[in-house]
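If you read the protein sequences in the order shown, they are chains R and H. All residue numbers for the first sequence refer to my numbering, where the first residue is 2 and numbers rise by one. All residue numbers for the second sequence refer to my numbering, where the first residue is 2 and numbers rise by one.
Derived by calculation from the structure, the hints in this document are not laboratory data. In this text, all values refer to a predicted model and were calculated from it rather than measured experimentally. Each residue gets a CB set at the ideal place from its N, CA and C atoms; glycine is no exception. This list has only true hints and no planted wrong ones.
Mimicking DSSO-like on lysine-lysine, the simulated pairs with C-alpha atoms at most 27 Å apart in a straight line are:
id	chain 1	residue 1	chain 2	residue 2
1	R	216	H	105
2	H	216	H	253
3	H	73	R	99
4	R	253	H	99
Cβ-Cβ distance ranges computed for the label pairs, FRET-style:
id	chain 1	residue 1	chain 2	residue 2	range
5	H	239	R	302	47 to 57 Å
6	R	256	H	94	21 to 31 Å
7	R	91	H	202	27 to 37 Å
8	R	115	H	102	17 to 27 Å
9	R	205	H	94	18 to 28 Å
10	H	176	R	154	34 to 44 Å
11	H	50	R	223	43 to 53 Å
12	H	26	R	176	22 to 32 Å
13	H	75	R	139	53 to 63 Å
14	R	237	H	240	49 to 59 Å
Number of protein chains: 2
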Amino acid sequence: MTATAYDPIAFHDGLVAHGLIVPAGVQGIFGRGPVFEDILERFDRMVLDIGKSDGAQAMLFPPTIDRSIIEKTNYMESFPHLVGAVYSFFGKETESRKMAEQVKAGESWGDHLSMTHVCLNPAACYPVYPTFTGTVPAEGRLVTLVGWVFRHEPSIEPTRMQAFRIREYVRCGTPEQVVQWRDMWLQRGVQLLESLGLPARTDVASDPFFGKGGKMLATNQVDQQLKFEVLVPVISQEKPTAVCSFNFHQDKFGQAFDIRTPDGAVANTACLGFGLERVVMALLQTHGFDPGTWPESVCRKLWA
Amino acid sequence: MTATAYDPIAFHDGLVAHGLIVPAGVQGIFGRGPVFEDILERFDRMVLDIGKSDGAQAMLFPPTIDRSIIEKTNYMESFPHLVGAVYSFFGKETESRKMAEQVKAGESWGDHLSMTHVCLNPAACYPVYPTFTGTVPAEGRLVTLVGWVFRHEPSIEPTRMQAFRIREYVRCGTPEQVVQWRDMWLQRGVQLLESLGLPARTDVASDPFFGKGGKMLATNQVDQQLKFEVLVPVISQEKPTAVCSFNFHQDKFGQAFDIRTPDGAVANTACLGFGLERVVMALLQTHGFDPGTWPESVCRKLWA
Numbered sequence: 002m003t004a005t006a007y008d009p010i011a012f013h014d015g016l017v018a019h020g021l022i023v024p025a026g027v028q029g030i031f032g033r034g035p036v037f038e039d040i041l042e043r044f045d046r047m048v049l050d051i052g053k054s055d056g057a058q059a060m061l062f063p064p065t066i067d068r069s070i071i072e073k074t075n076y077m078e079s080f081p082h083l084v085g086a087v088y089s090f091f092g093k094e095t096e097s098r099k100m101a102e103q104v105k106a107g108e109s110w111g112d113h114l115s116m117t118h119v120c121l122n123p124a125a126c127y128p129v130y131p132t133f134t135g136t137v138p139a140e141g142r143l144v145t146l147v148g149w150v151f152r153h154e155p156s157i158e159p160t161r162m163q164a165f166r167i168r169e170y171v172r173c174g175t176p177e178q179v180v181q182w183r184d185m186w187l188q189r190g191v192q193l194l195e196s197l198g199l200p201a202r203t204d205v206a207s208d209p210f211f212g213k214g215g216k217m218l219a220t221n222q223v224d225q226q227l228k229f230e231v232l233v234p235v236i237s238q239e240k241p242t243a244v245c246s247f248n249f250h251q252d253k254f255g256q257a258f259d260i261r262t263p264d265g266a267v268a269n270t271a272c273l274g275f276g277l278e279r280v281v282m283a284l285l286q287t288h289g290f291d292p293g294t295w296p297e298s299v300c301r302k303l304w305a
Numbered sequence: 002m003t004a005t006a007y008d009p010i011a012f013h014d015g016l017v018a019h020g021l022i023v024p025a026g027v028q029g030i031f032g033r034g035p036v037f038e039d040i041l042e043r044f045d046r047m048v049l050d051i052g053k054s055d056g057a058q059a060m061l062f063p064p065t066i067d068r069s070i071i072e073k074t075n076y077m078e079s080f081p082h083l084v085g086a087v088y089s090f091f092g093k094e095t096e097s098r099k100m101a102e103q104v105k106a107g108e109s110w111g112d113h114l115s116m117t118h119v120c121l122n123p124a125a126c127y128p129v130y131p132t133f134t135g136t137v138p139a140e141g142r143l144v145t146l147v148g149w150v151f152r153h154e155p156s157i158e159p160t161r162m163q164a165f166r167i168r169e170y171v172r173c174g175t176p177e178q179v180v181q182w183r184d185m186w187l188q189r190g191v192q193l194l195e196s197l198g199l200p201a202r203t204d205v206a207s208d209p210f211f212g213k214g215g216k217m218l219a220t221n222q223v224d225q226q227l228k229f230e231v232l233v234p235v236i237s238q239e240k241p242t243a244v245c246s247f248n249f250h251q252d253k254f255g256q257a258f259d260i261r262t263p264d265g266a267v268a269n270t271a272c273l274g275f276g277l278e279r280v281v282m283a284l285l286q287t288h289g290f291d292p293g294t295w296p297e298s299v300c301r302k303l304w305a
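Could you build the full structure based on these sequences and the hints that come with them?
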């Protein structure tokens, strides 16, 4: 029996009522309670266990990244509406006093700030690519990390967050190495989610590119099968939620950050990411708000 | 024998050379390698173990918070130079194309963005206070969390970060409850750091308030002994680094978020935070870049 028969608002309210999430004043920004975090950490450990023998290099980056990564990857061409650029105050004391008065009066004060050199990270993998610059070894590179990502899309719908965590794997090498690895993980991802009692299925997908020009980019992405998702119903049975996403970038990041394979060719990259909060929500919707009542087979896998 | 005799630049370069941190293009923003993260997690677990019997409620918040928290707490009066406000693009396709061209041409493009409803979190505890609104129980409230915080102060000096994590405890109740709790943790903090072979000492301190008016605020803070720090030499023997900070806010947050004790008085709050990256750096400076060569007594405590 599902928690709220896929009703998004009832699901949000149920998450709050059970202390799983804590409202924090802005849509898509909320606190996580200890039970939510426990499920999230256990699932993350399951992913790491599956990938253990692949020998991925572990890294961790802050939620803020070098703005030039956004600029070099043409992010503002594809997703300007989702960006989070960090602004700060560079003025002197007189101006700061005026600004503080405006803040107190409830007036707008944004004109006093200017752009810094950092942006919020829009995808956990972005800070990894610049570390690949140069020639990668013959077997390529494989990195894993968890990162907080930001997308400016406030929504009451709980799976549509402004801030969330992704467990990501990043692969770099020849097109064959990268695609073979992506296909292996597509299978692993579905198996993992099914083993937790989730009705998962894969599909070809496209990114939420901006504007009319973006529709062409999306069509192209689908035609070339560059993006796959693993979907599980969370807030709709007809439109299941992407809980895991697989992106083959071809040589986009290789070009942007001058990454090469030993034969001198521009390297290809792919990444995959489990949306950790979304997986937790999929489990809570499918099995109920109280993990104490979940099927024993699911609990045994998570809390083994 | 220390790692670099407290030389800040040599220490930064040593952290990079040993794969402990990974440069990421902007000062104060860097990746963390697996050894760095392992030490950090082990230390964090030691802190949690010490506080275990206090029954703190666990929470977790994203690195981005409701902008109104910054506004209600007068952050822009005290620390305008450190703020990180999140801006995004709200325009249409024509403007977005112009912006994308400016990005490609290496021109400034910040004028196309506007303020969103979120800011970067400047102190792990900030999102906790609004959850206390109302009347707290007679025994008060106690919350623990780890959070990414942001301060706009780019620096090559490795302990001066733009993004870092704090293990924080937040206490709310009567002035007596709060101060007694703060004093207990001051002792615990020094003992914990000393048990890891760190030459720790406490001192009264002040926040880096902005401008000339800020000097008065800082003097007042010291006179009233509202802020204490635990200091350990990391990049200077004469000016040791604050690795743990204790702040007694009196009724500041109680006023801002309408928090009361059962007798109807405005509640007092205090918080303490271990700067997790700074503690790791203190250990690496004090005992050397390779944990394999650290004193056995230290390793036994961390990796017990």
